[in-house]
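**Student:** For reference, the chains in residue letters:
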Amino acid sequence: MGARGKHRLTSPSPQPAAAHIPLLRIEPSKGWVSLQLRELWVYRELLYFLTWRDVKVRYKQTALGAAWAIIQPFFTMLVFSLFFGRLAKVPSDGIPYPLFSFTALVPWTFFATGISLSSSSLVGSANLITKVYFPRLTIPFATLLAGLVDMVLAFLVLLVMMAHYHVTPSRHILYLPFFVLLALVTSLAVGLWLSALNVQYRDVRYAVPFLTQFWMYATPIAYPSSLLPEPWRTLYGLNPMAGVIEGFRWSLLGSRNEPGPMLIASSCAAVLLLVGGAFYFRRMEKTFADVV
Amino acid sequence: MPIPAIRTEGLGKSYQIRARSARYKTIREALAQGWRRIPAMFRRGEKRQTRETIWALRDLNLSVNQGEIVGVIGRNGAGKSTLLKLLSRITEPSTGFAEISGRVGSLLEVGTGFHPELTGQENIFLNGAILGMKRIEIERKFDEIVAFAEVEKFIDVPVKHYSSGMYLRLAFAVAAHLEPEILLVDEVLAVGDAAFQKKCIGRMEGVAREGRTILFVSHNMGAVRELCHRAVWLDGGRICRDGHVDDVVRAYSSIQVENSFTHLNHEFGFTIERIVLKNEAGESTMHFVPGESMAVEIHYQADRPIFRPYVWMTVQSLWGTCFAANMILDGHRPEVLKGRGRLTCTFRSLCLLPQDYTIVLAVRASDGQAIVPPQEVASFVVSGDLRQFGFLGDNLHVVAPRSVPVVVPYEWTMPDGTVIPIQIGTGMEEVVRRR
Numbered sequence: 001m002g003a004r005g006k007h008r009l010t011s012p013s014p015q016p017a018a019a020h021i022p023l024l025r026i027e028p029s030k031g032w033v034s035l036q037l038r039e040l041w042v043y044r045e046l047l048y049f050l051t052w053r054d055v056k057v058r059y060k061q062t063a064l065g066a067a068w069a070i071i072q073p074f075f076t077m078l079v080f081s082l083f084f085g086r087l088a089k090v091p092s093d094g095i096p097y098p099l100f101s102f103t104a105l106v107p108w109t110f111f112a113t114g115i116s117l118s119s120s121s122l123v124g125s126a127n128l129i130t131k132v133y134f135p136r137l138t139i140p141f142a143t144l145l146a147g148l149v150d151m152v153l154a155f156l157v158l159l160v161m162m163a164h165y166h167v168t169p170s171r172h173i174l175y176l177p178f179f180v181l182l183a184l185v186t187s188l189a190v191g192l193w194l195s196a197l198n199v200q201y202r203d204v205r206y207a208v209p210f211l212t213q214f215w216m217y218a219t220p221i222a223y224p225s226s227l228l229p230e231p232w233r234t235l236y237g238l239n240p241m242a243g244v245i246e247g248f249r250w251s252l253l254g255s256r257n258e259p260g261p262m263l264i265a266s267s268c269a270a271v272l273l274l275v276g277g278a279f280y281f282r283r284m285e286k287t288f289a290d291v292v
Numbered sequence: 293m294p295i296p297a298i299r300t301e302g303l304g305k306s307y308q309i310r311a312r313s314a315r316y317k318t319i320r321e322a323l324a325q326g327w328r329r330i331p332a333m334f335r336r337g338e339k340r341q342t343r344e345t346i347w348a349l350r351d352l353n354l355s356v357n358q359g360e361i362v363g364v365i366g367r368n369g370a371g372k373s374t375l376l377k378l379l380s381r382i383t384e385p386s387t388g389f390a391e392i393s394g395r396v397g398s399l400l401e402v403g404t405g406f407h408p409e410l411t412g413q414e415n416i417f418l419n420g421a422i423l424g425m426k427r428i429e430i431e432r433k434f435d436e437i438v439a440f441a442e443v444e445k446f447i448d449v450p451v452k453h454y455s456s457g458m459y460l461r462l463a464f465a466v467a468a469h470l471e472p473e474i475l476l477v478d479e480v481l482a483v484g485d486a487a488f489q490k491k492c493i494g495r496m497e498g499v500a501r502e503g504r505t506i507l508f509v510s511h512n513m514g515a516v517r518e519l520c521h522r523a524v525w526l527d528g529g530r531i532c533r534d535g536h537v538d539d540v541v542r543a544y545s546s547i548q549v550e551n552s553f554t555h556l557n558h559e560f561g562f563t564i565e566r567i568v569l570k571n572e573a574g575e576s577t578m579h580f581v582p583g584e585s586m587a588v589e590i591h592y593q594a595d596r597p598i599f600r601p602y603v604w605m606t607v608q609s610l611w612g613t614c615f616a617a618n619m620i621l622d623g624h625r626p627e628v629l630k631g632r633g634r635l636t637c638t639f640r641s642l643c644l645l646p647q648d649y650t651i652v653l654a655v656r657a658s659d660g661q662a663i664v665p666p667q668e669v670a671s672f673v674v675s676g677d678l679r680q681f682g683f684l685g686d687n688l689h690v691v692a693p694r695s696v697p698v699v700v701p702y703e704w705t706m707p708d709g710t711v712i713p714i715q716i717g718t719g720m721e722e723v724v725r726r727r
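First to last, the protein sequences are chains A and B.
Sequential numbering from 1 applies to the first sequence in my numbering.
Sequential numbering from 293 applies to the second sequence in my numbering.
Note that these hints are calculated values from the structure, not bench results.
Where is the CB? At the ideal position from N, CA and C, for every residue including glycine.
Watch out, some of these pointers could steer you wrong.
[What the hints assert, rightly or not] Facing chain B, a subset of chain A residues (Cβ under 7 Å, in silico):
| hint | residue |
| --- | --- |
| 1 | Leu23 |
| 2 | Arg25 |
| 3 | Glu45 |
| 4 | Leu46 |
| 5 | Phe49 |
| 6 | Arg53 |
| 7 | Lys131 |
| 8 | Ala289 |
Given the sequences, and given the hints that come with them, work out the whole structure.
**Tutor:** The following block contains the structure:
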């Protein structure tokens, strides 16, 4: 009996079957625990409903509603184009600067909004955490998934801009879903770390805006990563968002700047960050209800 | 041989209480603490003494069979809610283990996750999913839930526009349609209006008849007795008594006479030391007969004088509030509460049917700040023969505990001119005897 993992539901069967009664053992856990991805799968409908709630509620009490999903990256793009593109004459890999920066701002806004919302998501759901059991991973995850809707809206604007500048995507666009996935993985990784840390240390709330700003300068949004020579460029890819953004530009705008080795670095970094974040999250999970 | 649905062995839960009562820490504190810990790491066997361990639940061995309905009773802080939180996996035990066979549904609160901006319909789906229902299951029961909550007309309105009654009805309706094999319920029946509470209890009884296992935490002894066959009395995190519901409830009630309630407000330096209920003869008791007078004595200690506070108390039954004594309404306030003293409210005649009641007390400063927020401070039981007051209905013992408890004196004038007065209170024996 002792060898069994804690919280293992032998079967999620809702039937009060006499033949097969799921036996659940609840006992103290020590150290690092299993991720219980199977259980997360069992609760996929909850993930769907929480995401759906976040989408519905996000802009309900705002005057401009979902327009915010566009306003934010669009105006940042205008500012960047004026100061970096026009005045500072930052190179843009031969792409019109507004398009160059907006393509980066679409995934970046998703990432920045995502980590800031998901870092406070657990604390904001204290009423749920202290009253009902479900895999807590669903909370920051749902917050991020809801952000995808915003990204789609901003993406539509990007398509309009591409048409305006007569840029037609090449067959590389087939790789775009991979870069979206990489953005999601990165955001989830950072979101898991921050949300779990925020339960223990409320400093996180103050650190996140600073972190986001810092990270933005360390990411090729206003400038191209081609400014860096190899091998520094590959090393630069350890910032997964660098890989995401150069990937977006390459697949959509056909920039000559192929992300290649940089992308491998980005993918590895993102996956490591996610696995670490998920295990840290699971380890801290048992204390959430007591501390939050 | 009965199969245990819930079995715990040595189950315990401890909390670390820091000397400073901060619930979460900052990184600065953690770093400072880590720094201070470095020398200690070199001295082996040394433990940090700054924390105090509180055992919310300790060494609990409990076995509940399938189909059993067990009431869990005890004072606030006795570990009742902790037990439910452990069994529903919200928090993890510190020692021991629990084994559960069957799908668990826990109702520690109704309306968990309700979002005010979403409509009734949207909230049913969201709340259902949070409680662990499948989407298809919610769809199947949707109409039933709406009908149970009596909110058909408002189902597409955001719940922020609901009245509190409608909100609670909808919240409970979703919860009531959970169909787990094991249901853990915490005090959620103490909401809503009287008619709805009855409906909820009816629903729970229905669930019970289907052979499900229920663990039911409540302060309402009437509800516990009505629903459960077995009761477990927790005190200080341990089982104090476990057995037939009537025995356990009686034993529990008998020690609840006085001294059961204390309240301390640091900010105002105000302590309620105890609440004493006295009958007509001036004896401290919690048992009253219909029509008797009841004095509620508030024994307080005010370290700093509190000028012209408002005191408010209500007598509650399963049906909700029966009546109140309210200084905000009557305007008579004590000039000052200073040092140790006593404030008494005497209800002249308890025109109440034999049922269980609780007293809710609140004290506010003259500027409206809560000194004692509204809370249950005492409970009492009314029991006795109603026939002497002119109640001659069949099966009185069954009907009376389920009727509206407050009886304002009334009389019937029959077509033939006979007048039949009904009044719970002294002096009626005379009238009844003459008849």
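**Student:** Evaluate each hint against the coordinates.
**Tutor:** Verification of the hints:
no. : hint   : verdict
1   : Leu23  : 5 Å, holds
2   : Arg25  : 5 Å, holds
3   : Glu45  : 5 Å, holds
4   : Leu46  : 5 Å, holds
5   : Phe49  : 4 Å, holds
6   : Arg53  : 6 Å, holds
7   : Lys131 : 5 Å, holds
8   : Ala289 : 4 Å, holds
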